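Working from the sequences, and respecting the hints, build out all of it.
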Amino acid sequence: MVHLVSMKKRDVVHNHFIDKLALANALLSGVTLYPQLYILLTSKADTRGISLLSFSLIVSNSLIWLWYGIHRKTFPLIISSSLNAIAAGAILIILL
2 MVHLVSMKKR DVVHNHFIDK LALANALLSG VTLYPQLYIL LTSKADTRGI
52 SLLSFSLIVS NSLIWLWYGI HRKTFPLIIS SSLNAIAAGA ILIILL
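Following my numbering, the numbering of the sequence shown begins with 2 at its first residue and continues without gaps.
Treat the hints as calculated values from the structure; they're not laboratory data. Just so it is clear, the structure is predicted and the values come from calculations on it, not from any experiment. Certain hints may be false.
[Unchecked claim] Derived Cβ-Cβ restraints for the label pairs, each shown as a range:
(1) 87 - 45: 37 to 43 Å
(2) 47 - 74: 18 to 24 Å
(3) 25 - 53: 27 to 33 Å
(4) 24 - 53: 31 to 37 Å
(5) 22 - 69: 18 to 24 Å
(6) 65 - 32: 15 to 21 Å
(7) 22 - 53: 29 to 35 Å
(8) 64 - 43: 22 to 28 Å
(9) 17 - 49: 44 to 50 Å
Quick reminder that beta carbons are idealized off the backbone N, C-alpha and C, glycines included.
This is the structure we're talking about:
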């Protein structure tokens, strides 16, 4: 009789160039919506040209990627999707 032994997958910390690039990209992509949020918060900008549907989809998409990043323990994905979800959610609230 063959017994299958379950082994825990070890968390591996990579220190390759691509890992550093992924982290930098996560931070950069995570802050892309903040200039728009800043303008909406600090000025009386017209919000009629901002799509409610688009920001609803961005929030939904970011939350799904966040969930996946947490599930896979992918730190850059967790960072970027968290920052995007927060900014897009705030913009969505302003639009409502």
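So, going through the hints one by one against the coordinates:
{"no.": "1", "hint": "87 - 45: 37 to 43 Å", "in the structure": "23 Å, violated"}
{"no.": "2", "hint": "47 - 74: 18 to 24 Å", "in the structure": "42 Å, violated"}
{"no.": "3", "hint": "25 - 53: 27 to 33 Å", "in the structure": "31 Å, holds"}
{"no.": "4", "hint": "24 - 53: 31 to 37 Å", "in the structure": "32 Å, holds"}
{"no.": "5", "hint": "22 - 69: 18 to 24 Å", "in the structure": "20 Å, holds"}
{"no.": "6", "hint": "65 - 32: 15 to 21 Å", "in the structure": "20 Å, holds"}
{"no.": "7", "hint": "22 - 53: 29 to 35 Å", "in the structure": "34 Å, holds"}
{"no.": "8", "hint": "64 - 43: 22 to 28 Å", "in the structure": "26 Å, holds"}
{"no.": "9", "hint": "17 - 49: 44 to 50 Å", "in the structure": "46 Å, holds"}
Checked against the numbered hints listed earlier, the structure breaks hints 1, 2; every other hint is satisfied.
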